[in-house]
Amino acid sequence: MSTDLKTEVKNNEQVSEINEYIKQVLALIEKEEVTEEEAQWVTKETVDGFREHVNPGFLSYRKTVTEGGQFAAVEWSDGGSCFTDISGKKYIDCLGGFGIYNVGHRHPKVVKAVTDQLKRQALHSQDLLDPLRAMLAKILADITPGDLKYSFFTNSGTESVEAALKLAKMYSDRSTIISTTRSFHGKSLGSLSGTAKGVFRKPFLPLIPGFRHIPFGDIDMMRKTFESCALVGEDVGAVILEPIQGEGGIIIPPANYLKEVRALCDEYDVVLIFDEVQTGMGRTGKMFASELFDVTPDILCLAKAFGGGVMPAGAVVANEKVFKSLFDNPFMHTTTFGGNPLACAAAIATISVLLEEKLPERAAEVGEYFLKGLKEAAAGHEDKVLEIRGQGLMIGIEFHKDEIGYEVSKGMFDKGILVAGTLVNSKTIRIEPPLTMSYEEVDTVIRSFKEVLSNVAAQ
1 MSTDLKTEVK NNEQVSEINE YIKQVLALIE KEEVTEEEAQ WVTKETVDGF
51 REHVNPGFLS YRKTVTEGGQ FAAVEWSDGG SCFTDISGKK YIDCLGGFGI
101 YNVGHRHPKV VKAVTDQLKR QALHSQDLLD PLRAMLAKIL ADITPGDLKY
151 SFFTNSGTES VEAALKLAKM YSDRSTIIST TRSFHGKSLG SLSGTAKGVF
201 RKPFLPLIPG FRHIPFGDID MMRKTFESCA LVGEDVGAVI LEPIQGEGGI
251 IIPPANYLKE VRALCDEYDV VLIFDEVQTG MGRTGKMFAS ELFDVTPDIL
301 CLAKAFGGGV MPAGAVVANE KVFKSLFDNP FMHTTTFGGN PLACAAAIAT
351 ISVLLEEKLP ERAAEVGEYF LKGLKEAAAG HEDKVLEIRG QGLMIGIEFH
401 KDEIGYEVSK GMFDKGILVA GTLVNSKTIR IEPPLTMSYE EVDTVIRSFK
451 EVLSNVAAQ
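Residue 1 is where the sequence shown starts when you use the working numbering, and the numbers rise one by one after that.
Mixed in with the good hints there might be a few duds.
Claimed, not checked - Calculated lysine-lysine pairs in the DSS-like style (CA-CA distance at most 30 Å, straight line):
| no. | residue 1 | residue 2 |
| --- | --- | --- |
| 1 | Lys197 | Lys44 |
| 2 | Lys44 | Lys119 |
| 3 | Lys259 | Lys187 |
| 4 | Lys321 | Lys166 |
| 5 | Lys169 | Lys321 |
| 6 | Lys89 | Lys410 |
| 7 | Lys358 | Lys375 |
| 8 | Lys324 | Lys166 |
| 9 | Lys90 | Lys410 |
| 10 | Lys23 | Lys89 |
| 11 | Lys358 | Lys109 |
| 12 | Lys44 | Lys410 |
| 13 | Lys89 | Lys112 |
Quick caveat, the hints were computed from the structure, so don't treat them as lab data.
Take the sequences, apply the hints, and build the full model.
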């Protein structure tokens, strides 16, 4: 047999093997229930796939993987406030996919809107006018605070921040942008320039020029920075803030800080950007955290829960003063998939659920109950727990050392409760469950937290 023929046979065999594997995977996707044998196969394929083809680092990071990697909890389905793994074990979700499941897992209204739209059209033409984008933009203009009016749609939080930064740059010829320490705005190059954690930034330096980081909550430092930048001809063009810092460890700003920032930006004609990717969509007890502080930004960034935990979706909502820079040439910033019909359907249904079920109000009530219970559970463990703080159902438990937080997270996982640390402040684990979480589930989490704390040694 010639070399060419051998190669052709080998290629045909390989294609056949790939097709058989794909058929096996698609058949599993169709199934509502899997056998124990199938569950073992899925687990092995998942662990092997992460090791060989995704990133082996995730296996050492995941507390769900056993010593030697023989077993891992592999998620398979979800609903309400819970995940279920491939072996059928349920976990109460207090991580919320870093805050995406505000209306719960697979809320029927959101799923129905997406599947109904999918039956008719999945993606838009890019040339004809797509109706749901217009309708969603109108809804956002109605529910966002103040004079926010025009929307640009994205697929993720980092994309929303990128769009916001570009809008701010187009508004004026100023190049200085103020961010804060402990901030997290994403990991693409523009948003990473605003993010504060050195370990994420250093391998990619130099980043976008003009960014300066000052302490979050320090209005005097911000004013001095504005004044210094003006004196040297590097006037501030924009300030980007999270109204409550999420990845920084659930950091709530001092009283009046955001109002003072707003006044300073008005004085210097500086664009104020609020990154509400994590705080938006009812998480903090209001539809948007900016409402808690009675402050309207010039640009509002949304994502995470914006797609209802069903579709990746995000938005940038801005006032006309800033957004009109894109009027003359709307192609200055575009996205192929942002604002697609499926994402818009999901977002519209999500807003409907938030309003009809009064989930922002519920987040405020359940969050207060949750926070009180966690503090009571931590009483007597001050050698381990530094502080428990939060707003609505955005709660942080800060420990004296990273190791204690990890052991608590692992102990909670063993009891069927999913929590994790924040990306910038690893001593803090977050509690960001669905806003639909029941009081019974809250009680289970509090009871488990108390039991785990008692069994974890101070470091």
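Results of checking the hints against the structure:
no.: 1; hint: Lys197 <-> Lys44; verdict: violated, 35 Å
no.: 2; hint: Lys44 <-> Lys119; verdict: violated, 35 Å
no.: 3; hint: Lys259 <-> Lys187; verdict: holds, 28 Å
no.: 4; hint: Lys321 <-> Lys166; verdict: holds, 14 Å
no.: 5; hint: Lys169 <-> Lys321; verdict: holds, 13 Å
no.: 6; hint: Lys89 <-> Lys410; verdict: holds, 16 Å
no.: 7; hint: Lys358 <-> Lys375; verdict: holds, 26 Å
no.: 8; hint: Lys324 <-> Lys166; verdict: holds, 13 Å
no.: 9; hint: Lys90 <-> Lys410; verdict: holds, 15 Å
no.: 10; hint: Lys23 <-> Lys89; verdict: holds, 26 Å
no.: 11; hint: Lys358 <-> Lys109; verdict: holds, 15 Å
no.: 12; hint: Lys44 <-> Lys410; verdict: holds, 22 Å
no.: 13; hint: Lys89 <-> Lys112; verdict: holds, 26 Å
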